[in-house]
Amino acid sequence: MLEIKNLHATVNGTEILKGLDLTIQPGEVHAIMGPNGAGKSTLSKLLAGSEDYVVTEGSVRLDGKDLLELAPEERAAAGIFLGFQYPVEIPGVSNMVFLKAAFNAQRKIRGEAELSAGDFLAWVRHRVKQMQMDPQMLHRGVNEGFSGGEKKRNEILQMLVLEPRLMVLDETDSGLDIDALKVVADGINALRSPERSTLLVTHYQRLLDHVQPDFVHVLAAGRIVKSGGPELARELEEKGYGWLQQAA
Amino acid sequence: MLNQDAYTRAFEALLPSLSGSERDTRSAQLQRFFSAGLPNRSIETFKYSDFTALAEGAFALALKAPSPSLDAWTLPDCTQQLLINGHAATPTAALDGPISEPAHAGLAALNAAFATPGLQLQLERNVALEQPLHVLNLSVLDTPAKMIHLRHRIRLEAGASATVVLHDIGLGDAERWITQTLEIDLAANARLQLIRIQDESAATSGWFQATARIQRDASIQLLQFDFGGARIRNDLRLLLQGEGAECGLHGLFAPAGGTHVDNHTVIEHQAPHCVSREFFRGLAWDKAHAVFNGRIVVQPGAQKTDSEQRIANLVIGKGAEINAKPELEIHADDVKCAHGATFGQLDTSALFYLRTRGVPEATALSLLTFSFAADALQRISWPSLREFVTRRFLARMGGDLDAGELL
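Each protein sequence line maps, in turn, to chains A and B. Counted from 1, the first sequence has number 11 at position 11 by my numbering; the numbering is strictly sequential. Quick note, my numbering runs 1000 ahead of the 1-based positions in the second sequence.
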């Protein structure tokens, strides 16, 4: 589904990604772990289409097509969803307006018919309940005055509504208490399917207790320096990242 | 040069309708106007707003006109009051009372010489106006060089409360010159929400001055929305005169085309323990020019003043310009005053966030522009009016946002 080859990227002239390779097949859950500054957030934002990064070498393909030449909204319509580490507040624009604009815009790009207002409302309400959120939140501004935990729940709500094919979740577990972590993990697991893939970007292992990955990779200094199964995450939790950075 | 002949002719046409004593007072005001003239750029506070053309013009007083259909501006659940070309449907006598120190003596004298009574609202002790009062102030003109001068007054006795909307609408393309003064007196514990919507025609020069004197524990919320006009100047002054008084002075200016709009505000803390908040949002399209000058004065003895002022500006048109300046003048030592002005583009991280959800760039920019203005729009607590002003703003924005969904 996603194929990253020898990816080099810079921000303001500084190289952050230095030859990253990663292949994700349909249905797989991959976790990318690594110390701060390794390039984890760069990778997630770059996949979603941020213009802050310049790709200097290498390729990223989604279903065999060049992802890098697509605008962020085209990537969304192609099935990529980025769960933000720091979701943005948009006061005065309600969550409902935002969700509807996003949902219908994606369908339009894909050449699908828009959902009727009533059907869409039912579609959203069901998912609000699933995320154990107050339905009143739909009438509040996007993330306006939300706590850190509420913002993360809202990210997963958006994901459930939009049903992407590749979920890229950037530090989604940070700032969550244990109950919220469980709800967020349940949301991610609810979307797991043989056609859908997940890329979890995280510093800690605790989300991986709830969302079992198939593969774990360690990103250090802009490259993947080690890959393994779920046991690698536990090893990292015990030993930290120091031993790998030395190896890299 | 001031066109004294033309202004004298206009005054002579007015004379037959005036009583003897009024003739004398108004003649004196006319002479005051002749000696003071109208402000030009050599006066610091009028650096951006030049009224020379109005001094030189040959303006005649606008005549009564039949009412056009009011459907487009009629709101539910309110009392409507109509002014057309400065004439009330049912004429009311002017309430007397002090006239405040003017922003410019010539402007004030011109208004005093020619003004007809506009809104004259007086509420006795503890009377609450049950419904908002919606004053539709229309200028309906097809022939150029007409002028309209209005004097409004709102007086709330102790404990009285009201919501008042002054809604200026200009119809027709003919050039016109409109001045308005509004004197507000709020006795102890009185509450006023006043919303002024300025939507003049694109050929209007307008000057509007409001002065509010706010006594002990009284509060005013004044919201100013600017959409239209050619050359617009608003002088808004809120004087916190009694301990514990509060004021909010908020608004949005959103000029387009070749409009010039200049808001000069003054909030004066004259007594201790008063609270003031001032939040303005400015946007400018096309070749519009907006000016905002917000002055906060804390007088000696106004201890425990709590004051905050924020002005945010967004220049949209390539040929547009906004000049905004906060001014803080503090003569007391135990006060809390915060202020700031920002000029900017839309938040690129918010733009990226919307696009990653599939929202096309143009729609995302529209949503963020709306979000910027929503800070002011949401301060209108009367839902019908909030909807009206929001729709007006969306019409100004253009684009494909659906008002029905946003509200």
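If you're looking for bench data, these hints aren't it; they were derived computationally from the structure. Just so you know, even glycine gets a beta-carbon here, dropped at the ideal spot from N, CA and C. Keep in mind that a hint or two might mislead.
To be verified - Covered stretches of chain A (chain B as the covering partner; in silico rule of three or more C-beta atoms under 8 Å from a C-beta of chain B): (1) 46-55; (2) 64-76; (3) 81-88; (4) 98-104.
As the list claims (entries may be wrong) - A few chain B residues facing chain A, derived, Cβ under 10 Å: (5) Ala1028; (6) Leu1030; (7) Glu1130; (8) Phe1343; (9) Gln1345; (10) Ser1349; (11) Val1359; (12) Glu1361; (13) Thr1363; (14) Leu1367; (15) Leu1368; (16) Ser1371; (17) Ala1373; (18) Met1397; (19) Gly1398; (20) Gly1399.
Claimed, not checked - In silico contact screen, one side only, chain A against chain B (beta carbon under 7 Å); selected entries: (21) Pro91; (22) Gly92; (23) Val93.
Against the structure, the hints:
1. Given as covered by chain B, the stretch 46-55 of chain A passes the check, having 4 residues with a CB less than 8 Å from a CB of that chain where 3 are the minimum.
2. Only residues whose beta carbon comes within less than 8 Å of a beta carbon in chain B count, and the stretch 64-76 of chain A has 5; three or more means the coverage holds.
3. Check result for the stretch 81-88 of chain A against chain B: holds, 5 residues qualifying (beta carbon to beta carbon below 8 Å, three or more required).
4. Look at the stretch 98-104 of chain A against chain B: 5 of its residues bring a Cβ nearer than 8 Å to a Cβ of that chain, three or more, so the hint holds.
5. Contact between alanine 1028 (chain B) and chain A, as hinted, is not supported at the beta carbon level, the nearest pair being about 50 Å apart and thus beyond 10 Å.
6. Nearest Cβ of chain A to the Cβ of leucine 1030 (chain B): about 48 Å, over the 10 Å cut. The hint is violated.
7. For glutamate 1130 (chain B), the suggested interface contact is broken, since its CB lies about 28 Å from the closest CB of chain A, more than 10 Å.
8. A least Cβ separation of about 19 Å between phenylalanine 1343 (chain B) and chain A goes past the 10 Å threshold, and the interface hint is therefore violated.
9. Proximity of glutamine 1345 (chain B) to chain A is violated relative to the hint, the smallest CB-CB distance being about 14 Å (cut-off 10 Å).
10. Satisfaction of the interface hint for serine 1349 (chain B) is found here, the shortest Cβ-Cβ separation to chain A being roughly 6 Å, below the 10 Å cut-off.
11. Given the 10 Å rule on beta carbons, the hint for valine 1359 (chain B) holds: about 5 Å separates it from the nearest Cβ of chain A.
12. About 7 Å separates the beta-carbon of glutamate 1361 (chain B) from the nearest beta-carbon of chain A, less than 10 Å, and the hint is met.
13. Hint status for threonine 1363 (chain B) relative to chain A: holds, with the closest Cβ pair at about 6 Å, below 10 Å.
14. Look at leucine 1367 (chain B): its Cβ gets to within about 5 Å of chain A, closer than 10 Å, so that hint holds up.
15. Hint status for leucine 1368 (chain B): holds, given a least beta-carbon distance of 7 Å to chain A, under 10 Å.
16. A cut of 10 Å between beta carbons decides the hint on serine 1371 (chain B): the least distance to chain A is about 5 Å, and the hint holds.
17. A cut of 10 Å between beta carbons decides the hint on alanine 1373 (chain B): the least distance to chain A is about 8 Å, and the hint holds.
18. Evaluation of the methionine 1397 (chain B) hint against chain A yields a violated restraint, the C-beta minimum of about 13 Å exceeding 10 Å.
19. Interface restraint check for glycine 1398 (chain B): the shortest CB-CB distance to chain A comes to about 17 Å, outside 10 Å, so the restraint is violated.
20. Below 10 Å, beta-carbon pairs count as interface contacts, and glycine 1399 (chain B) has none with chain A, the closest being about 12 Å; its hint is therefore violated.
21. Proximity of proline 91 (chain A) to chain B holds as hinted, the smallest CB-CB distance being about 6 Å (cut-off 7 Å).
22. Taken as an interface hint, glycine 92 (chain A) checks out: its beta carbon lies about 2 Å from the nearest beta carbon of chain B, inside 7 Å.
23. Hint status for valine 93 (chain A): holds, given a least beta-carbon distance of 5 Å to chain B, under 7 Å.
Hints 5, 6, 7, 8, 9, 18, 19, 20 from the list above are not met by this structure, while the remaining hints are.
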